[in-house]
Amino acid sequence: MGVVRGCDVPEALFYHIDNNVWARRESDGTVTVGVTAYGCALCGPVVSCSPRKPGDAIKRDRSCATLESSKWVGPVKAPVSGELLEVNAVLSDTPGLINQDPYGAGWIARLKPTNWDGDAGELVTGADALGRFETRMDADGFGSA
Amino acid sequence: MSEPACWRLLDTGLRRAADHVAINRVMLNAHQAGKVPNTLRFMRFAPCALLGFHQSASQELRLDYCGAHGIDIQRRLSGGGAVYCDPDQIAWELCFDRRHLGLGAMADIASCICGAAATGIRGLGVNARFRPRNDIEVDGRKISGTGGILDGNTVIYQGTLLIDFNVERMLKVLRIPAEKLTDKAVASAGERVTSLAEQLGYVPALDGVKHHLANAFADEFNIAFEPANEIDAVEQRTYREALAEIDTDEWVYQHYRPTAEAPTLEGVYRASGGLMRVNVSLDTRRRRIRQVWFHGDFFVQPRRTIYDLEAALRGAAVTDVKATIERFFAHHRPDLLMLAPRDFSNAVAIALASVGAPEVAQ
Numbered sequence: 001m002g003v004v005r006g007c008d009v010p011e012a013l014f015y016h017i018d019n020n021v022w023a024r025r026e027s028d029g030t031v032t033v034g035v036t037a038y039g040c041a042l043c044g045p046v047v048s049c050s051p052r053k054p055g056d057a058i059k060r061d062r063s064c065a066t067l068e069s070s071k072w073v074g075p076v077k078a079p080v081s082g083e084l085l086e087v088n089a090v091l092s093d094t095p096g097l098i099n100q101d102p103y104g105a106g107w108i109a110r111l112k113p114t115n116w117d118g119d120a121g122e123l124v125t126g127a128d129a130l131g132r133f134e135t136r137m138d139a140d141g142f143g144s145a
Numbered sequence: 001m002s003e004p005a006c007w008r009l010l011d012t013g014l015r016r017a018a019d020h021v022a023i024n025r026v027m028l029n030a031h032q033a034g035k036v037p038n039t040l041r042f043m044r045f046a047p048c049a050l051l052g053f054h055q056s057a058s059q060e061l062r063l064d065y066c067g068a069h070g071i072d073i074q075r076r077l078s079g080g081g082a083v084y085c086d087p088d089q090i091a092w093e094l095c096f097d098r099r100h101l102g103l104g105a106m107a108d109i110a111s112c113i114c115g116a117a118a119t120g121i122r123g124l125g126v127n128a129r130f131r132p133r134n135d136i137e138v139d140g141r142k143i144s145g146t147g148g149i150l151d152g153n154t155v156i157y158q159g160t161l162l163i164d165f166n167v168e169r170m171l172k173v174l175r176i177p178a179e180k181l182t183d184k185a186v187a188s189a190g191e192r193v194t195s196l197a198e199q200l201g202y203v204p205a206l207d208g209v210k211h212h213l214a215n216a217f218a219d220e221f222n223i224a225f226e227p228a229n230e231i232d233a234v235e236q237r238t239y240r241e242a243l244a245e246i247d248t249d250e251w252v253y254q255h256y257r258p259t260a261e262a263p264t265l266e267g268v269y270r271a272s273g274g275l276m277r278v279n280v281s282l283d284t285r286r287r288r289i290r291q292v293w294f295h296g297d298f299f300v301q302p303r304r305t306i307y308d309l310e311a312a313l314r315g316a317a318v319t320d321v322k323a324t325i326e327r328f329f330a331h332h333r334p335d336l337l338m339l340a341p342r343d344f345s346n347a348v349a350i351a352l353a354s355v356g357a358p359e360v361a362q
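So the sequence lines, in the order shown, correspond to chains D and C.
Here this note's numbering is used: the first residue of the first sequence is 1, the next is one more, and so on.
Here this note's numbering is used: the first residue of the second sequence is 1, the next is one more, and so on.
Because the hints were derived from the structure by calculation, they are not lab data.
Bear in mind that the values here come from a model prediction, so they are computed numbers and not experimental data.
Mixed in with the good hints, there may be bad ones.
Distance windows between CB atoms, simulated [as the list claims (entries may be wrong)]:
1) D/E134 to C/D219: 31 to 37 Å
2) D/D28 to C/T259: 39 to 45 Å
3) D/K53 to C/D320: 40 to 46 Å
4) C/A260 to D/D18: 38 to 44 Å
5) D/G104 to C/D219: 43 to 49 Å
6) D/D28 to C/G296: 58 to 64 Å
7) D/S144 to C/V203: 45 to 51 Å
Yeah, the Cβ is synthetic: ideal placement off N, Cα and C, and Gly gets one too.
The task is simple: from the sequences and hints, build the whole structure.
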């Protein structure tokens, strides 16, 4: 597990650094997406999560859910395009799971990707992701989680 | 210091809430597309109840009263709690690229903007301060509430400022933690909010208020303003479409949660320092405090301690109430006379026990 300034960055995942979202290709070809630990550190405790509806066609970089923390609202931008297959229903009552376990129980949605190979090429992974998070944290004036 | 960046200064005047929210939407989209500059906008609202983005009208508002008195109900794009707005308030919002501030954390962005707004209010002769997480207060009494939207690198951060205010009207619109609108409830609410008119002893001119706020933002962010008469042509082109989506029941009532999941609970606790009453509005599904009021025959100095404690407890998980209260008093160290921090958590625990949520006292 990579860690950058106190924020977990699992090297096996794919990241959109600007949007602070991650993607994981599952063995059945579907893609699970969520918010990065760094994104959680920036927004603070999540108090509401309202996902789009299963069946919706989601374009890359468009919202697949809306989060609220401390009176801030913002979209979770999908890192890949695809059909929304499933949303994490427990987040409706326990949105704090996103902060507690952003890469596990706090996952946001599962998609059937329309172009995984193409979209994944726009994301970063492995050691490259660690360096890119460092750069973004510098720009954000972020010390540590 | 570098040359000030030029931002647009807009005043979209007194309009229906749906119009203002539609302008929010088109400005957000146009700014993300790089088609409009960073902007400070002032606006005023025809009488309305404005829900936070995730809120349910049935939980937050007295819908019968709103309907009978022609009070519009609308949903903001930003988060936070429901507010009652009318022409006696002025609203401001900043739409900008978050990189302008060089800050990433939302709490830091809110602190920076609210600090500047408080400076502007102090320029009017009112001792306003930022109170985390999102309020601007005067001696513990709220004078401005704020909230934000972060979409990509575009931030919209908005606040209302009470110029003059009718507390009783607010209580009739909002479901605040008092089941009955007694004189005591009105007085209790009135202790927790204030207005420029109350603080100054007269109603200040709107132009002067805007002037002080704009100057404070200009100084804080090293910017200069270029006034614009109306929204840009690129925003005008999508405005009708945005309004057609927002000025609908589908938008306003898109989130529904039953009133029963947001009960107001009352607790009475006899502490050695006096009789403490507490009203708690509880989110039963998420087991979080929506709002809490402490009142009764007890003494704490300074009095604002109670209002600051209530602000600290807003949104706290039921299981965190005791720890939140302990942290609060460890930090603030007011004169509690005969009271102890545990008296406050005991009072909340008594209120919560009525719905089977006594874990606060553990």
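Violations among the numbered hints: 3
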